[in-house]
Amino acid sequence: MAVTGAVLVLFLIGHMLGNLKIFLGADSFNHYADWLRTVGSPALPNRTLLTITEIVLVVCVVLHMWAAVSLARRAAKARPVKYAAKRKSQANGYAAQTMRYGGVIIVLFVVWHLLDMTFGTVNPKGGDATPYDRMIAGFQPDRWWVALFYLVAMVMIGLHLRHGLWSAFQSLGLTRRPRVRGLLQKTAVAVSAVLVLGFVAAPVCILIGVVK
Amino acid sequence: MNLTLKIWRQNGSSDKGRMVTYRVEDVSPDMSFLEMLDVLNERLILEGDDPVAFDHDCREGICGMCGMVINGVAHGEQKLTTTCQLHMRHFKDGDVVTIEPWRAAAFPVVKDLVVDRSAFDRIIQAGGFISVPAGSAPEAHSVPVPKAAADAAFDAATCIGCGACVAACPNGSASLFTAAKITHLSLLPQGQPERESRARAMVEQMDAEGFGGCTNTGECTAVCPKGIPLDTIAQMNADYLKAASK
Chain A
1 MAVTGAVLVL FLIGHMLGNL KIFLGADSFN HYADWLRTVG SPALPNRTLL
51 TITEIVLVVC VVLHMWAAVS LARRAAKARP VKYAAKRKSQ ANGYAAQTMR
101 YGGVIIVLFV VWHLLDMTFG TVNPKGGDAT PYDRMIAGFQ PDRWWVALFY
151 LVAMVMIGLH LRHGLWSAFQ SLGLTRRPRV RGLLQKTAVA VSAVLVLGFV
201 AAPVCILIGV VK
Chain B
213 MNLTLKIWRQ NGSSDKGRMV TYRVEDVSPD MSFLEMLDVL NERLILEGDD
263 PVAFDHDCRE GICGMCGMVI NGVAHGEQKL TTTCQLHMRH FKDGDVVTIE
313 PWRAAAFPVV KDLVVDRSAF DRIIQAGGFI SVPAGSAPEA HSVPVPKAAA
363 DAAFDAATCI GCGACVAACP NGSASLFTAA KITHLSLLPQ GQPERESRAR
413 AMVEQMDAEG FGGCTNTGEC TAVCPKGIPL DTIAQMNADY LKAASK
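The listed protein sequences correspond, in order, to chains A and B. Heads up: the first sequence at position 130 corresponds to 130 in this note's numbering, and the numbers run straight through without jumps. Numbers given in this note's numbering equal positions in the second sequence, counted from 1, plus 212.
There could be a bad hint or two in this list.
What the hints assert, rightly or not - Simulated pairs of lysine-lysine, DSS-like, Cα-Cα distance not exceeding 30 Å:
1) K291(B) - K218(B)
2) K228(B) - K88(A)
3) K218(B) - K82(A)
Rather than coming from a laboratory, the hints here were simulated on the basis of the structure.
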């Protein structure tokens with residue numbers, strides 16, 4: 001769970017930085033997208049980096065989901081008789097309670113996101129348009145519900161990472177001393193917040209017309 | 213004050229069990245929760261009924277015998293207290309109080325609110341011995357222990373093994389208990405020779421008992437009457453990973 005999650009977080013950081021190139025204009029953004037396809041060429045065939053990334057991501061997502069399902073099944077087996085009284089959470093961690101349904105929302109989002117931005121199936125411009133045009137078309141005000149779905153999904157990812165990052169540090173045994181623990185808690189909050197802000201910046205700016 | 217109690221009644225492990233409602237009248241706010249149950253039980257005995265079975269021993273919060281889930285919270289909502297140290301002044305007249313046993317496959321119900329916590333004993337047993345001569349007490353200063361390590365080890369060692377962590381965990385995990393026991397030795401010089409093999413054996417026994425996996429929700433430490441910190445779980449994971457990587 002922790003290791004696959006960490007790989008996915010590293011990908012998200014790279015993905016967010018790439019997205020922010022939308023603010024540098026169409027050329028910069030399209031050029032970056034093109035570079036991702038041709039990096040290492042001609043020594044390496046086109047799409048080498050992308051193919052490797054895709055394989056690693058698919059493996060990590062599958063293993064991450066498998067770990068989550070095994071934990072949930074173990075939990076169900078460990079408490080066959082439920083409590084009659086509603087269990088009141090005593091820990092003040094709202095994010096921890098969103099992990100399972102939040103994870104499902106994130107998976108559904110990723111499916112939509114791939115159909116929208118990668119394959120262009122549900123994108124108004126279709127798969128043949130430049131990445132910049134696809135992104136701009138995707139978040140136009142008449143498609144406000146798409147932007148809204150993105151925002152909700154980003155908040156879910158933020159909550160998922162808030163607990164997930166801290167939980168990964170804990171599972172890897174890094175939070176043994178109070179000082180390091182406090183520092184890593186803050187790191188989890190900061191990384192989650194930066195990722196959410198970085199990811200919502202583009203859809204929001206396109207929605208309100210700052211980026212055209 | 214007068215209370216309505218909804219208590220889990222189960223006559224032995226093969227009985228299906230059910231919630232039964234009782235009225236308790238003239239409860240003094242100075243009573244402990246267990247004394248309030250004693251009042252109910254005295255009445256049930258006089259009426260020829262079967263008294264409600266619950267575990268208890270010292271009634272001063274140090275033995276780890278008592279424990280029940282009160283209104284959905286292990287040991288009740290008062291922080292850092294066992295059920296015996298929970299007083300009725302935290303309740304008010306007319307309250308409906310739901311009382312259930314710890315719920316875990318690894319803690320089968322013996323009767324009513326009494327569960328069998330032998331799984332904890334087997335985890336301790338799996339930890340084995342530490343390599344120190346067990347003769348006369350050694351000179352106290354012969355093994356230096358840093359103050360920070362002594363404090364953290366002692367914090368972990370205050371675990372009374374009541375099982376509230378398992379009861380509160382949404383996954384039914386025994387990680388906080390096992391981690392407390394592992395940490396209290398792994399931070400001290402005396403615990404070093406068997407540190408990794410002990411962590412590995414205890415974690416494997418914990419899993420074999422049918423407890424759930426830890427997802428670091430922190431529900432355990434929030435209800436722990438001794439406030440065992442989550443740091444102990446990180447210590448357990450670190451020791452286990454080190455042992456498993458060899």
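Checklist entry - Does the structure keep K228(B) and K88(A) at a Cα separation of 30 Å or less? => result 25 Å, holds
Checklist entry - Given the hint that K291(B) pairs with K218(B), does the C-alpha gap stay at or below 30 Å? => result 22 Å, holds
Checklist entry - Taking 30 Å as the top limit, are the C-alpha atoms of K218(B) and K82(A) close enough? => result 15 Å, holds
Violated hints: none; the structure is consistent with every hint.
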